[in-house]
Amino acid sequence: MSDKVRGTTTTITTGDAARVPSAKERAWEENTLRPTLEKSPERQTEFTTISGYPIRRLYTPADLPGWDADRDLGFPGEPPYTRGIHSTMHRGRLWTMRQFAGFGTAEDTNERFRYLLAQGQTGLSTAFDLPTLMGYDSDHPLSEGEVGKCGVAISSLADMEVLFDKIPLASVTTSMTINSPAAVIWAMYLAVAEKQGADWKRLSGTLQNDILKEYIAQKEYIYPPEPSMRLVIDTFEFAVKNTPKFNPISISGYHIREAGSTAIQELAFTLRDGMEYVEYGMRRGLDVDQFVPQLSFFFNAHNDFFEEIAKYRAARRIWHKAMVERYKSKNPRTWALRFHTQTAGCSLTAQQPYNNVVRTAIQALAAVLGGTQSLHTNSLDEAWALPTEFAATIALRTQQIIAHETGVTNTVDALGGSYFVETLTNEVERGAWDYIEKIDAMGGMVPAIERSYPQREIAEASYKYQVAVDKKEKIIVGVNDYVAAEKPLDTLQIDETVAHRQAERLSKLRADRSRSEVDRRLNALRQAAQGQDNLMPFLFEAVKAYATVGEICDALREVFGTYEEVAIT
Amino acid sequence: MPEKKIRVLIAKPGLDGHDRGAKIIARALRDAGMEVIYTGLRQTPQMIASAAVQEDVDVIGLSILSGAHNTICPQLMNLLREKGMSDVTVLVGGIIPEADIPAMKQSGIAEIFLPGTSTQDIVAFIHKRLAR
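Chains as they are written, first to last, in my numbering: chain A, 555 to 1123; chain B, 1378 to 1509.
Simulated from the structure, these hints should not be mistaken for laboratory data.
Yeah, the Cβ is synthetic: ideal placement off N, Cα and C, and Gly gets one too.
A hint or two may mislead.
List of simulated lysine-lysine pairs, DSS-like, C-alpha gap at most 25 Å [unchecked claim]:
#: 1; chain 1: A; residue 1: K1098; chain 2: A; residue 2: K799
#: 2; chain 1: B; residue 1: K1505; chain 2: B; residue 2: K1381
#: 3; chain 1: A; residue 1: K755; chain 2: A; residue 2: K795
#: 4; chain 1: B; residue 1: K1505; chain 2: A; residue 2: K1026
#: 5; chain 1: B; residue 1: K1505; chain 2: B; residue 2: K1382
#: 6; chain 1: A; residue 1: K1025; chain 2: B; residue 2: K1505
#: 7; chain 1: B; residue 1: K1482; chain 2: A; residue 2: K1041
#: 8; chain 1: A; residue 1: K755; chain 2: A; residue 2: K720
#: 9; chain 1: A; residue 1: K799; chain 2: A; residue 2: K884
Calculated from the model, a selection of chain A residues having no Cβ within reach of chain B, i.e. all distances over 10 Å [as the list claims (entries may be wrong)]:
#: 10; residue: V962
#: 11; residue: A968
#: 12; residue: S1006
#: 13; residue: K1028
If you want the footprint, here are the derived chain A segments under chain B, 3+ residues with CB under 8 Å [claimed, not checked]:
#: 14; region: 683-693
#: 15; region: 808-815
#: 16; region: 903-911
#: 17; region: 930-940
Okay, chain A solo, but in the shape it has when bound (with noise of 0.2 Å):
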C-alpha cells in the first residue's frame, strides 16, 4: 500500500553504490529501518538542501572512508583551517557585529550610526544609495526618484564629512559596501580620516571593492572589467604601503546568492574571484604574502542550516589549499579566509514580517558555528524597506543573544566530527573545485564573465529554485504555505526632500569651492588613468578638492568608457 503514496518512499539506500555500510549498519538497516518503512513511510522521496542537493537519512562512518581527523579536521588556528582560523575562536574573541546601515542625508545615517553604536554594535557598515554606487551625484537627471532610498547618497566629500561626524575612524572599524567607484569613496575616507588626525596605520575596516561579482550578480559596474581590474589592484597596492590594518576588499559571495546561486555555486564563484584579484595583483608585481593577508571575504547565511556550515568550513579548506598550492605562499596569515556574513534578505518574506526575525536568527546562528569574523542580521521588515529603529534593533539583539545566552560560543567548532557536517562539508568542497576548475580552463573568471557564465549557472538555479517554490515542492511559511491576513507593517518612507536637501547641498559646494582647482585636480586624474600610475593618489586629491562622486566617475569615463553586459534570460 505505502508504495501507492506519491511522494512518499519506502526504499532504504539513497543510490550511493560506494558507500559500504558496516556489518552493525546494514543490520540496522534490516531489522529496524525496513519494519518502520514498510509501516509508514518517509514524507517525502527525496530530501535535499534548499540548494537541491541530495541529503541521505542517515549519517555514519561509512559516509567518511578514509577521514583523518587530524589531516582533514586539524585543529583551531592551524591547516587546513576547517575549524577556524583562530585558535580559541569566539572563546577569545566575539565576532564583529556589524549592522549595515545607510537612507537619506548624511546626517540621517550618522544619527543612525550613533544609535547603533550605543546600543553596543561594535563596527561601522555603510550603505550607499544607487546614484552613489553608480558613481552619479545627487542632481544628475538618472539619480531622480533614487537619492538616498537604497543607502546614503554621499556626493562629494562635504558629505562624507556629515556622514562620519563625532565618528573617531581611528577606533570604530568602518566597512563601506561599494564596488564600481570603491577607490573613489575610499579617498574620501582616508580624507575624513586625516581631518580627524587619525593615523592611516591605525584604520581598520573594510571595503566592498569587489568588481567581479557585480558583473556576475548585482550588476552595479560602470567600466569594463580590465580597468575596473586595475582599479582594484591599486587599491591594493595603496592599501599594503598605507593602511596596513585596512580590508580593501571584502570578496563577497552575498551578492551571488542573493542573485539565486545555489551555496556551491555561491562558494565556487567567490573563492574562483579570489583568485582571480590575486592573480592581478601578483602580475602587478605585489607579493602574495603581502597584499593576500589583506583580502577578507564575505558570504550569505541562507536558511539551510547546516549547508550553510558546511560552506564556510569548506570556503576555509579550499582557500588554504589554492593559496599554498597555487601561489605558493609561505605566509600563514595568507592562508586564513577571513569572512564577514549577512543573514539572506532574499530569505524574507514579505508577509508574516515577523517570522523574519525567526530566520534571520537561525541564519545568524549557522554563521556563528560556521566561525565568522563579522556578522550583519536583516531586520525583520526589509522585505519592505530599509530597516525602522526598531526593526534593526532586533537584529542586533539577535546576535547579542546567540553572543551570550545560547552557549554556543563555549566551544570552538562545536559541530566538528558530526559524520553528517563533514560529508557535507567534503561534499560542498569537490562540487566547488569542479566548478573552480572549470572556470580555470575558461582562462580564469574575467574571460568566464565575458562568457556569461556564471551568470547563466546562476539564473538556471534561481529558475530551478523559483518553480520548485510555485510548485509547493519548496515550502516558504506565509507564502505558498501557512497564508494568512495580515495588516500592513509601518516601514521607513525616504521622500523626495532628500534629494531636494542633496541638490541644494550640491550647488552650495560647486559655487564655494575652487573650480580652477577641481579642474586641475581631475585633469590629472584623466591623465594618469591613461598610463600606468597608481590612481589612488590622484583620486585622493581630487576628493579633497571637493571634486564631486559624479565628477570623478565622469573623468573616469571618459578614459575607461562603460561597460554593457549582454542581458540573459
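Given chain A, put chain B in place with the hints provided.
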C-alpha cells in the same frame, strides 16, 4: 490560423541592478508560451516606451525594487499615452509600499505584484486580462 502569441516587454528601469525577479518572470512567461523581450538593465521610461512601440507589445512588465516607482511609473504612463499606447497592459512587480498602490492603479497600471507572488498567478492574470 494559429493564435497570435502574447507579446511582453520585461523592463528593468532605474539604476538598480537586482535582476533576479525580472529574469525569472521573463522565463516563466516564455515557458507559458508568450513572446518575451527583456530590455536589460537601467532603462529610462523613454527607452521603455520606445521599445514597447517598436516591439508592438501587448504587455509591459516593470521590475522595481529600489523605491523609485513613484518617479518612474508616472513618467512611463504619460509617455505611453503620448504615443497612443494606452491600451497596453502595464504590470509592476517588486517592492511597492501598499500605500502607493491605489495611485498607481489610478494612473492606469493594471496590477502590482508584490514579493511572494507565484509566476502562475502572473501568467493567469495576463491571460485573463487579454482574453477577448
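Hints versus structure:
| no. | hint | verdict |
| --- | --- | --- |
| 1 | K1098(A) with K799(A) | 23 Å, holds |
| 2 | K1505(B) with K1381(B) | 15 Å, holds |
| 3 | K755(A) with K795(A) | 9 Å, holds |
| 4 | K1505(B) with K1026(A) | 23 Å, holds |
| 5 | K1505(B) with K1382(B) | 14 Å, holds |
| 6 | K1025(A) with K1505(B) | 21 Å, holds |
| 7 | K1482(B) with K1041(A) | 20 Å, holds |
| 8 | K755(A) with K720(A) | 20 Å, holds |
| 9 | K799(A) with K884(A) | 20 Å, holds |
| 10 | V962 | 31 Å, holds |
| 11 | A968 | 34 Å, holds |
| 12 | S1006 | 12 Å, holds |
| 13 | K1028 | 12 Å, holds |
| 14 | 683-693 | holds (count 5) |
| 15 | 808-815 | holds (count 3) |
| 16 | 903-911 | holds (count 3) |
| 17 | 930-940 | holds (count 3) |
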